[in-house]
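*Asks:* Quick mapping for you: the protein sequence lines, in order, are chains A and B. Mapping of the first sequence onto our numbering: position 193 corresponds to residue 193, and the numbering continues sequentially without gaps. Mapping of the second sequence onto our numbering: position 7 corresponds to residue 7, and the numbering continues sequentially without gaps.
No wet-lab data here; the hints were simulated from the structure. Everything numeric in this text was worked out from a predicted model, so none of it was measured. Possibly wrong hints are sitting among the right ones.
Pairs of lysine-lysine, DSS-like flavour, derived with a Cα cap of 25 Å [what the hints assert, rightly or not]:
hint: 1; chain 1: A; residue 1: Lys304; chain 2: A; residue 2: Lys204
hint: 2; chain 1: B; residue 1: Lys57; chain 2: A; residue 2: Lys297
hint: 3; chain 1: B; residue 1: Lys57; chain 2: A; residue 2: Lys67
hint: 4; chain 1: A; residue 1: Lys195; chain 2: A; residue 2: Lys297
hint: 5; chain 1: B; residue 1: Lys43; chain 2: A; residue 2: Lys206
hint: 6; chain 1: A; residue 1: Lys67; chain 2: B; residue 2: Lys37
hint: 7; chain 1: B; residue 1: Lys43; chain 2: A; residue 2: Lys204
hint: 8; chain 1: B; residue 1: Lys57; chain 2: A; residue 2: Lys304
hint: 9; chain 1: A; residue 1: Lys297; chain 2: B; residue 2: Lys43
Just so you have them, the derived chain B footprint on chain A, three or more residues with Cβ under 8 Å [to be verified]:
hint: 10; stretch: 169-181
hint: 11; stretch: 290-296
All residues carry an ideal CB built from backbone N, CA and C; glycine is no exception.
What follows is the residue order along each chain.
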Amino acid sequence: MKTKRVLALGLSAMMAMGLMACGGTEAPEDTAGGAASTQSDSGSKDEAASGDNSLTIWAWDEAFNIKAAQNAADIYKAENPDVEINIVTMAQDDIVAKLNTSLSAGSYEGLPDIVLIEDYKAQGYLTSYTSEFADLTEIAPAENFASYKTAVNQVDGVVYGVPFDSGVAATFYRTDLIEQAGYTQEDMQDLTWEKFIEIGKAVKEKTGAYMMTLDPSDIGQIRMMMQSAGVWYTDAEGNATIADNQGLKDAIEVYKALVDSGITKQVSDWDQFVGAFNSGEVATVPTGCWIAPSIQKAEDQSGKWAVAAFPRMEANADSVNASSIGGGGWYVLKNVGHEELAKDFLSKTFASSVELMNTLATDITLVSTLNAAAEAENYTKGNEFFGGQEIFKDFAAWQQNVPSVNYGLNTYALEDLMTEAVQAIVGGADIDSTLSDYQAQAEAAVAQ
Amino acid sequence: MSKRTKIANAVQYVVLTVLTIISVFPFFWMLIAMTNKSVDITKGTLLPGTYFLENLKNLLASDLDFLGAFKNSLIVAVVTTVLAMLVSSAAGYAFVVYRSKARERVFNLILLSMMVPFAAMMMPLFRMFSKFNSIPGLKLIGLNSYGSVVIIAIATAFLIFFFRQNTKTFPKELIEAARIDGLGEFGIFTRIYMPTMKSVYAAAVVVTFMNSWNNYLWPLIALQSEDKRTLPLILSAMGSSYTPDYGMMMTAVVISTLPTAILFFVMQKQFVAGMTGSVKG
Numbered sequence: 001m002k003t004k005r006v007l008a009l010g011l012s013a014m015m016a017m018g019l020m021a022c023g024g025t026e027a028p029e030d031t032a033g034g035a036a037s038t039q040s041d042s043g044s045k046d047e048a049a050s051g052d053n054s055l056t057i058w059a060w061d062e063a064f065n066i067k068a069a070q071n072a073a074d075i076y077k078a079e080n081p082d083v084e085i086n087i088v089t090m091a092q093d094d095i096v097a098k099l100n101t102s103l104s105a106g107s108y109e110g111l112p113d114i115v116l117i118e119d120y121k122a123q124g125y126l127t128s129y130t131s132e133f134a135d136l137t138e139i140a141p142a143e144n145f146a147s148y149k150t151a152v153n154q155v156d157g158v159v160y161g162v163p164f165d166s167g168v169a170a171t172f173y174r175t176d177l178i179e180q181a182g183y184t185q186e187d188m189q190d191l192t193w194e195k196f197i198e199i200g201k202a203v204k205e206k207t208g209a210y211m212m213t214l215d216p217s218d219i220g221q222i223r224m225m226m227q228s229a230g231v232w233y234t235d236a237e238g239n240a241t242i243a244d245n246q247g248l249k250d251a252i253e254v255y256k257a258l259v260d261s262g263i264t265k266q267v268s269d270w271d272q273f274v275g276a277f278n279s280g281e282v283a284t285v286p287t288g289c290w291i292a293p294s295i296q297k298a299e300d301q302s303g304k305w306a307v308a309a310f311p312r313m314e315a316n317a318d319s320v321n322a323s324s325i326g327g328g329g330w331y332v333l334k335n336v337g338h339e340e341l342a343k344d345f346l347s348k349t350f351a352s353s354v355e356l357m358n359t360l361a362t363d364i365t366l367v368s369t370l371n372a373a374a375e376a377e378n379y380t381k382g383n384e385f386f387g388g389q390e391i392f393k394d395f396a397a398w399q400q401n402v403p404s405v406n407y408g409l410n411t412y413a414l415e416d417l418m419t420e421a422v423q424a425i426v427g428g429a430d431i432d433s434t435l436s437d438y439q440a441q442a443e444a445a446v447a448q
Numbered sequence: 001m002s003k004r005t006k007i008a009n010a011v012q013y014v015v016l017t018v019l020t021i022i023s024v025f026p027f028f029w030m031l032i033a034m035t036n037k038s039v040d041i042t043k044g045t046l047l048p049g050t051y052f053l054e055n056l057k058n059l060l061a062s063d064l065d066f067l068g069a070f071k072n073s074l075i076v077a078v079v080t081t082v083l084a085m086l087v088s089s090a091a092g093y094a095f096v097v098y099r100s101k102a103r104e105r106v107f108n109l110i111l112l113s114m115m116v117p118f119a120a121m122m123m124p125l126f127r128m129f130s131k132f133n134s135i136p137g138l139k140l141i142g143l144n145s146y147g148s149v150v151i152i153a154i155a156t157a158f159l160i161f162f163f164r165q166n167t168k169t170f171p172k173e174l175i176e177a178a179r180i181d182g183l184g185e186f187g188i189f190t191r192i193y194m195p196t197m198k199s200v201y202a203a204a205v206v207v208t209f210m211n212s213w214n215n216y217l218w219p220l221i222a223l224q225s226e227d228k229r230t231l232p233l234i235l236s237a238m239g240s241s242y243t244p245d246y247g248m249m250m251t252a253v254v255i256s257t258l259p260t261a262i263l264f265f266v267m268q269k270q271f272v273a274g275m276t277g278s279v280k281g
């Protein structure tokens, strides 16, 4: 009896101590922590926020998306000086985790009014949380943007996102290495993967440089090839199409040919990928236009680069010299409390401002998906690093040709499966039987 | 002490040297990278550069409030560690010193909680903590407060288990003697037990501080406003760029590693003694 009482007493003392000590130490810290971090202060900030004069924006990449948001905020504030705009840098995965937990718990405290969402993930959010996103049809009509971007931000004809950066694919290449290999810039135009491999072999032989990098854990190359033929892992209705998908099959075959030809340098992560072209180990980088700033980091290679359209697949009649990878759009969370202000902000900046797109072209090498941006002054300026080429004009032109596909809800889940499948096929497995094996798994993943 | 022992020794040293190089290399590379330009790091430079001040300047000028995050991490880690020491050691002590029929059952229940992965508890916890903000008096530990991160780390199954195991080696005679001399139960705990178990506390401090300092998942979802973010969250935000500034990132990583490294080296001796569990009463 007695021991029980002692134990009970001890336990309750423990709890009391925990709570007491917690209160005791927390309180003074809050005051010492400065105005911004105190509990009561954040309370009053919320109140100010509901006064409809502040906006919070979440995005990733300080050097790119955040800069863009800041420029937009500057433009908006020039007209509306009393609006406070709070821009928060956060890793993309972190944004995903926070949105998922908060939206599924219905807790809006601390959530942003405007959030950047990657195109591949957009449909997933819009389907799971349709009622959380504001209807932006009026401020961002689909016809104002590159057509391939507006397939991902709509559900049942309602536009929920303002398309932002272009992921238009391009072949960045070293003019000096290509010429040493006996080819000209002319050969790089209207390129096919077959020709690409031919040039690659010459480059490898004459200069020692690899033609491009491949990362076995990231099959973005296959995604780009596939989209160039107008197909995806899923069809227009969102059903998994792994088997009997000619575009996918052709893409995997080109990929295997690339690996087998010995002209690719294998890398295992992003750092090595960037390192390979910064240190001059590869002659081309076929990927999204957003890689341009990373290429330009190697100042000693200035003037040696040029950009051509993305290669098409010769075997596939549907394949064109244009594709896309990555890219995102701005979405408004309507239940956070500033829906109208957020819409007004987007309509005056990302959804319409050619002036903004013009400054972003030089500040962050942004290729806008706003059709009107093609008229921006900076789009017709030559870029010294790329030998004076008017790269924006080219990007904007290729962008118009990117085939529009339905990314579906599960791009990343399917991609995990396909990464395995592709490795098996590259390793020698039969392509048709492997793809039909994975079809069943893909259907299961989509059904989830 | 023949030739054979000499050879055995030599082999041992070679193996140890290789292992040391493998484990120290990332730190070495981190320090080197801190002094180089981002583009040189991706090229694989292994020599110290002259870019450190520039990296530091970029870091401090960045929109990500690095110093603020450092401060947040420090507040959370220190408060968590102090409270965890008090609460968990008292629990571990009680589980050994006070007898009761329910004791083992309660303890097993606590151990069982170690088996549940955090990811499984995350959603329920999140919902629970989001309710706290509307209950007066509990706002201190509601979502988006330092308290929400502190409170779930102060009574962990591991720490209670750790203190209970070590308390078993604590001489009961000391408690008996103190009781006879008229010292109260609380006094025995604070004035006899705590000083004797110094090395155990040291080990627990190092582990708890490090866990709190490195904790990522819960602070990520619990701390919503940007001015409350801790270091791992800031580092994660820094890494997710199309064109990361590795030099700046490495500078941030080195600075964030310092507190745990210093704490460990200061307490190294006690830490080892505490982990091996010898109490010299």
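*Asks:* Give a verdict on every hint.
*Replies:* Structure-based check of all given hints:
1. A:Lys304 - A:Lys204: Within the cut-off at roughly 18 Å; holds.
2. B:Lys57 - A:Lys297: holds, 19 Å
3. B:Lys57 - A:Lys67: This hinted pair holds, its Cα atoms lying about 18 Å apart.
4. A:Lys195 - A:Lys297: violated, 29 Å
5. B:Lys43 - A:Lys206: holds, 23 Å
6. A:Lys67 - B:Lys37: Holds, at roughly 21 Å.
7. B:Lys43 - A:Lys204: holds, 20 Å
8. B:Lys57 - A:Lys304: violated, 31 Å
9. A:Lys297 - B:Lys43: Holds: lysine 297 (chain A) and lysine 43 (chain B) sit about 11 Å apart, inside 25 Å.
10. 169-181: With 0 residues close enough to chain B, the hint is violated.
11. 290-296: With 4 residues closer than 8 Å to chain B, the stretch 290-296 of chain A meets the three-residue bar; holds.
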